[in-house]
Amino acid sequence: MSKRGLLLAFLVVGGAALAMRMLYEPADDVGVGPPQLALEGIDRLAAGFPRPEEAPLRMPEDHGAKPGQFAEYWLFGGRVTDGAGSVYGFHLAFYRLTVAEEPVERDSAWATQNIYQARFSVAPVGASPHGEERLSRDALGLAGASSGPTVWVEDWRFTTFEDGAVLLLESGAADAGLKLRLGRPGEDPLPVDSELYRGYWWPGWQVEGVLEIGGESVPVQGDAMLDRLWGQALPVGRGQLALARAWLDLGEKGVLRCAQLRRRAGGGTPLTECISRPSSLADDVVLAPTNDGWRELGAARYPLGWTLDAPSLETRRLVPLGDPRPQADGGWFGLVTVGEEPVADDASDWGMLELSNFPLR
Amino acid sequence: MLAGAFTAACGQQADAPLTDAPLTLGEPGVLPATPQRSGDAALGYEILVNRGYVSCGVPLDAYQVARSGGDAGPALPGRLGRNAELPYDLNATVDDNGVELVVSNCLACHGGRFDGEVIVGLGNAFADFSMDPMPGVERFGLLVEDGAPAAAWRRWADRIGAIAPYMQTDTVGVNPAPNLTMALMAHRDPRTLEWLEEPLLAPPPESPLPTAVPPWWRMQKKHAMFYHGGGQGDQVHYMMLKSLVCTDRIEEAQAIDEWFAHVRAYIVSLEAPEWPHAVDAELAADGEAVFTAHCAACHGTYGAEWTYPNLLVSLEQVGTDPAYALQAVEAERFIRWFNSSFYGEGAVARPAPGYVAPPLDGVWATAPYLHNDSVPSIAALLDSEVRPTYWRHTSESPGYDQATLGWHHEVLDHGKEGARNAEDARTIYDTTRHGYGNRGHTFGDVLSDAERRALIEYLKTL
Numbered sequence: 001m002s003k004r005g006l007l008l009a010f011l012v013v014g015g016a017a018l019a020m021r022m023l024y025e026p027a028d029d030v031g032v033g034p035p036q037l038a039l040e041g042i043d044r045l046a047a048g049f050p051r052p053e054e055a056p057l058r059m060p061e062d063h064g065a066k067p068g069q070f071a072e073y074w075l076f077g078g079r080v081t082d083g084a085g086s087v088y089g090f091h092l093a094f095y096r097l098t099v100a101e102e103p104v105e106r107d108s109a110w111a112t113q114n115i116y117q118a119r120f121s122v123a124p125v126g127a128s129p130h131g132e133e134r135l136s137r138d139a140l141g142l143a144g145a146s147s148g149p150t151v152w153v154e155d156w157r158f159t160t161f162e163d164g165a166v167l168l169l170e171s172g173a174a175d176a177g178l179k180l181r182l183g184r185p186g187e188d189p190l191p192v193d194s195e196l197y198r199g200y201w202w203p204g205w206q207v208e209g210v211l212e213i214g215g216e217s218v219p220v221q222g223d224a225m226l227d228r229l230w231g232q233a234l235p236v237g238r239g240q241l242a243l244a245r246a247w248l249d250l251g252e253k254g255v256l257r258c259a260q261l262r263r264r265a266g267g268g269t270p271l272t273e274c275i276s277r278p279s280s281l282a283d284d285v286v287l288a289p290t291n292d293g294w295r296e297l298g299a300a301r302y303p304l305g306w307t308l309d310a311p312s313l314e315t316r317r318l319v320p321l322g323d324p325r326p327q328a329d330g331g332w333f334g335l336v337t338v339g340e341e342p343v344a345d346d347a348s349d350w351g352m353l354e355l356s357n358f359p360l361r
Numbered sequence: 362m363l364a365g366a367f368t369a370a371c372g373q374q375a376d377a378p379l380t381d382a383p384l385t386l387g388e389p390g391v392l393p394a395t396p397q398r399s400g401d402a403a404l405g406y407e408i409l410v411n412r413g414y415v416s417c418g419v420p421l422d423a424y425q426v427a428r429s430g431g432d433a434g435p436a437l438p439g440r441l442g443r444n445a446e447l448p449y450d451l452n453a454t455v456d457d458n459g460v461e462l463v464v465s466n467c468l469a470c471h472g473g474r475f476d477g478e479v480i481v482g483l484g485n486a487f488a489d490f491s492m493d494p495m496p497g498v499e500r501f502g503l504l505v506e507d508g509a510p511a512a513a514w515r516r517w518a519d520r521i522g523a524i525a526p527y528m529q530t531d532t533v534g535v536n537p538a539p540n541l542t543m544a545l546m547a548h549r550d551p552r553t554l555e556w557l558e559e560p561l562l563a564p565p566p567e568s569p570l571p572t573a574v575p576p577w578w579r580m581q582k583k584h585a586m587f588y589h590g591g592g593q594g595d596q597v598h599y600m601m602l603k604s605l606v607c608t609d610r611i612e613e614a615q616a617i618d619e620w621f622a623h624v625r626a627y628i629v630s631l632e633a634p635e636w637p638h639a640v641d642a643e644l645a646a647d648g649e650a651v652f653t654a655h656c657a658a659c660h661g662t663y664g665a666e667w668t669y670p671n672l673l674v675s676l677e678q679v680g681t682d683p684a685y686a687l688q689a690v691e692a693e694r695f696i697r698w699f700n701s702s703f704y705g706e707g708a709v710a711r712p713a714p715g716y717v718a719p720p721l722d723g724v725w726a727t728a729p730y731l732h733n734d735s736v737p738s739i740a741a742l743l744d745s746e747v748r749p750t751y752w753r754h755t756s757e758s759p760g761y762d763q764a765t766l767g768w769h770h771e772v773l774d775h776g777k778e779g780a781r782n783a784e785d786a787r788t789i790y791d792t793t794r795h796g797y798g799n800r801g802h803t804f805g806d807v808l809s810d811a812e813r814r815a816l817i818e819y820l821k822t823l
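Residue numbers (my numbering), protein chains in the order written: chain A, 1 to 361; chain B, 362 to 823.
Simulated from the structure, these hints should not be mistaken for laboratory data. These numbers come from a predicted model, not from an experiment. The beta carbon of each residue, even a glycine, is placed where N, CA and C say it ideally should be. Check before you lean on any hint, since a few could be wrong.
Just a sample of chain A residues kept apart from chain B, beta carbon distances all over 12 Å, derived [stated by the list, open to error]:
id, residue
1, Gln-113
2, Phe-161
3, Glu-162
4, Arg-181
5, Arg-262
6, Glu-273
7, Glu-296
8, Thr-307
9, Asp-323
10, Ala-328
Label-pair ranges, simulated between beta-carbon atoms [what the hints assert, rightly or not]:
id, chain 1, residue 1, chain 2, residue 2, range
11, A, Asp-188, B, Pro-438, 52 to 62 Å
12, B, His-795, A, Asp-284, 17 to 27 Å
13, A, Asp-283, B, Leu-404, 50 to 60 Å
Next up, chain A with everything else stripped away, as it sits in the complex (with noise of 0.2 Å):
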């Protein structure tokens, strides 16, 4: 936190940085020395790396690994259709978390300087999403991200071809699976800044593939976005605040990204930043639950309904697109329809939403 943010803060009034908190499941063979299980540990970890550099993005190598940064992460997500016209969505995340401030040197295989979690769903319009979320580490080639760029957690996958102009993503599971081509858009992606990470928002990929849901293969199209990040923390609720996040894609009025932090007991002031195309789309932005949104999922409430509002925009309402369950960390991520009337179809506007340490029951 800078003096002048302290000042702020205590002249009765600072600027705490967004923490992160990682999914991580501890073994007891990670790493050197005392394994980094508490969350003071991975701060006090993450303190030791450095803050991301200010350059302006690359493609595709910005894709690729960034092994000298604390964490991070590639998550894709997309509404697609299939011939019959049934909407589906997806998504595809890989996240890295290091563990371990030197490349360990121990005398197993096992061994290992950073872990991987990455999660798949794939969902039909209304229901229950099919999908799986597994943990590895970048040992015995289990996981791991090269600067090809090829990201990977065993047979899971996403790869950089054609100079960055495709992307392949695949991953499977017992009863789901996608394997799915995005092309790439026409417009550049829209650059991310914060003081702990960098990154980017790219959404208008063009999507062609195969979803796996039942035993059935079902031939789809349609559109995807990509969020990365790297640095020494990613955004995450903690403390006495959760996060809310939104990629919206908002037709021709343009895409939307805002994240917002807000008390978990209610009150306070909501925190919101937002970035957008065009750019004064993210002016005065009011984003906030619905009364009858909220959900009582598993120990925990969220705020699965939204309402948008913003001086170029009707107000729009955001509702889950299928039925996502809360993620093993307690988090809960799922696409959305949005609209004056949120409708799930192949025209509707879509987006992606990601809730973090929202209240227990």
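Add chain B to chain A, keeping to what the hints say.
Chain B in isolation, oriented as in the chain A frame:
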């Protein structure tokens, strides 16, 4: 000390259950002396830089994570225990639930720097109140765990949230303390000091008028506090208004009252710093003659046999921007709040439509000048023709100009409307804006250039 209360309160009369007895406002003329409490100056300093007279703040654990690896900056002597690890403008305390807190102290505003050195009592002319404080306040919540620390953070954040709309200035360097004090009054029952989520009084305007933070060492000569002279009676009760942020009970206020009798004793023991450079004694002697002829009647005389008239000068006579004084006398509901509260016991708020001609001890250190910091140097103060309409300091900590007695600044040909962006605009002092005017106090215009040079040399000796 939240200087200059009872200003900026034009607007609707609230549905306040306070007395509607006629108010007595101050008038231009000599301000009367009133007896003041004695205290232990050394103990006052110890309290000032170590104790939790502001009783809400950030849980220490969260603060330490946020500050991890950060430089605490210059240190002050006499900082005890945890305080010694904190920046000089923060104190450590423990709340009723045993949560260690980091809280603000008086020095964020009253601990300015000169040539890199912190001078306790010098107004901070570079503090930045032009940013919305709430993003920083709320983000601390990321670092606060459940239970008592969370309750402590919420309490602090809610208080700041209540006053944040009233404390954001449009220019870096000027101080919003009067406005935020009135916002705090609006949320408190004056008799019990209970915090009220819904304000009891109509809040002050959301655009605070700019004020300069006066130096503490002048207090030993002053009969009344604040530029409008309205802080009359027991000065302790004005100095402790800083604690209004979090003091919710009379018993807590009484304890702070005892502390601040000593703090006041410390404040009135302070002497102005000495000019740190060479002085042309012959030229200064010429300047003293100019001062005696043109300035002393209002600002007093100096040296071993000093005099100070405690004169409140009418707005018509001084001619400086009237907005601050006029709003003070119109702030009826806040005057009533103060006078009927714990703080009004032994003190009476009596602002006047005018400005106090201050003592000028150490005046060379107190740029910018006038009650609203609108004039960047003594040289410009003494020649109204050269006062810049638009200006800004050359950096966040500019060098000092020994010739003009002011911080290095640049004169601009445009105001905020011509700024490159919002951040640039915040650094521009635009004297055409309401309350930011630099007119008046033209008494130096009759002087020759030689007389002004001599007078400036003399002012270095005060």
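A quick look at each hint next to the structure:
no. : hint                                 : in the structure
1   : Gln-113                              : 23 Å, holds
2   : Phe-161                              : 39 Å, holds
3   : Glu-162                              : 40 Å, holds
4   : Arg-181                              : 39 Å, holds
5   : Arg-262                              : 8 Å, violated
6   : Glu-273                              : 9 Å, violated
7   : Glu-296                              : 20 Å, holds
8   : Thr-307                              : 21 Å, holds
9   : Asp-323                              : 30 Å, holds
10  : Ala-328                              : 21 Å, holds
11  : A:Asp-188 with B:Pro-438: 52 to 62 Å : 56 Å, holds
12  : B:His-795 with A:Asp-284: 17 to 27 Å : 25 Å, holds
13  : A:Asp-283 with B:Leu-404: 50 to 60 Å : 53 Å, holds
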